[in-house]
Amino acid sequence: MRKSYLFISLLPILSFMFTGCLDFGKNEGTTSPTPDQVNRCRSEMYLNPLMRITPLGFKLEGSGIDDAIWFKFKSGISDVQKIFDVKVVDTSKFKTGFTFIHEMKELKWWDVKNKELLGGQIELPNVGFMNVGIEKNDDGYIVYIMWHEV
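So the sequence shown is numbered by the working numbering: it starts at 1 and just counts up by one.
Simulated from the structure, these hints should not be mistaken for laboratory data. Careful: at least some of the hints might be erroneous.
[Said to hold, decoys possible] Computed spacing ranges between beta-carbons, pair by pair:
1. G62 with T31: 28 to 36 Å
2. K87 with K113: 29 to 37 Å
3. D79 with N39: 18 to 26 Å
4. D36 with I65: 16 to 24 Å
5. D139 with I65: 37 to 45 Å
6. N27 with V86: 31 to 39 Å
7. K95 with K26: 29 to 37 Å
8. V150 with G29: 15 to 23 Å
9. D79 with N27: 32 to 40 Å
10. M51 with T96: 18 to 26 Å
11. K82 with E123: 19 to 27 Å
12. E106 with K82: 13 to 21 Å
13. I65 with N114: 29 to 37 Å
14. D138 with K26: 32 to 40 Å
[To be verified] Here are the simulated lysine-lysine pairs, DSS-like style, with alpha carbons at most 30 Å apart:
15. K113 with K136
16. K82 with K95
17. K95 with K108
18. K93 with K108
19. K105 with K74
20. K87 with K136
21. K74 with K95
22. K74 with K108
23. K93 with K105
24. K74 with K113
25. K93 with K115
26. K105 with K95
27. K115 with K87
28. K113 with K82
29. K113 with K93
30. K74 with K136
31. K136 with K105
32. K136 with K115
33. K136 with K93
34. K136 with K82
35. K113 with K26
36. K108 with K26
37. K26 with K93
38. K93 with K74
39. K87 with K74
40. K108 with K136
Virtual Cβ for every residue (Gly too), placed ideally from N, Cα, C.
Please put together the full structure from these sequences, using the hints given.
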């Protein structure tokens with residue numbers, strides 16, 4: 001009886017220890033995202049499915065529980081409001097002068113340091129959030145998104 005009680009008492013502790021040591025997901029990073037990686041970004045970040053984009057960088061920190069994705073792309077779209085699904089992302093709340101707190105120095109393509117962008121933080125369905133920074137250029141926009149779930 002005592003051994004059974006001890007085992008049952010230790011089971012939650014052991015489960016917590018082992019799950020904390022396991023790798024539930026994978027980390028990926030590239031300047032040439034695959035179609036699957038881009039499609040995941042389109043879905044998770046509520047990007048306009050009709051918008052043509054040129055991906056410039058993708059990084060996934062995959063824990064399997066709370067993933068984080070950095071995604072950079074350019075688009076020739078002429079209106080910021082057409083970047084996202086307007087039913088989910090309200091771009092009218094974006095402010096000029098937005099800066100990203102985390103520079104991600106190891107990602108050469110994530111070149112947001114000292115850039116004041118149009119953007120902000122967006123709360124998404126399914127306990128997701130994203131920081132969005134948008135830079136206007138001659139051909140349209142360069143978009144930086146740091147998406148994460150909690």
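Point to revise | Range hint 29 to 37 Å (beta carbons of I65 and N114) holds or violated | key: holds, 33 Å
Review point. CB of V150 to CB of G29, is that within 15 to 23 Å?
Key: This hint holds: roughly 22 Å between Cβ atoms.
Point to revise | Assessment of proposed distance window 16 to 24 Å (beta carbons of D36, I65) | key: Given a distance of about 20 Å, which is inside 16 to 24 Å, the answer is holds.
Review point. Under the criterion that the straight-line Cα-Cα distance not exceed 30 Å, is the pair K93, K105 satisfied?
Key: holds, 28 Å
Practice item. Would you mind confirming whether the straight-line C-alpha gap from K74 to K108 stays at or under 30 Å? Key: holds, 16 Å
Practice item. Kindly confirm whether 13 to 21 Å is satisfied by the beta carbon distance between E106 and K82. Key: Once the Cβ atoms are compared, 32 Å apart, the range 13 to 21 Å for K82 and E106 is violated.
Check your understanding: Are the Cα positions of K136 and K93 separated by 30 Å at most?
Key -> holds, 17 Å
Check your understanding: Do the beta carbons of D79 and N27 sit within 32 to 40 Å of each other?
Key -> Given range 32 to 40 Å: holds, Cβ gap about 34 Å.
Exercise for review: Please test the hint of 37 to 45 Å on the beta carbon pair from D139 and I65.
Suggested key: The hint (37 to 45 Å, Cβ to Cβ) holds, given that D139 and I65 are roughly 38 Å apart.
**Study point:** Proposed proximity, K87 with K115 (alpha carbon, max 30 Å)
**Key:** holds, 28 Å
**Study point:** 30 Å Cα cutoff - pair K136, K82
**Key:** Status holds; Cα separation ~14 Å.
Check your understanding: Hey, K136 versus K105, does the alpha-carbon distance stay inside 30 Å?
Key -> This hinted pair holds, its Cα atoms lying about 23 Å apart.
In terms of the numbered hints stated before, the structure departs from hints 1, 12, 37, listed from lowest to highest.
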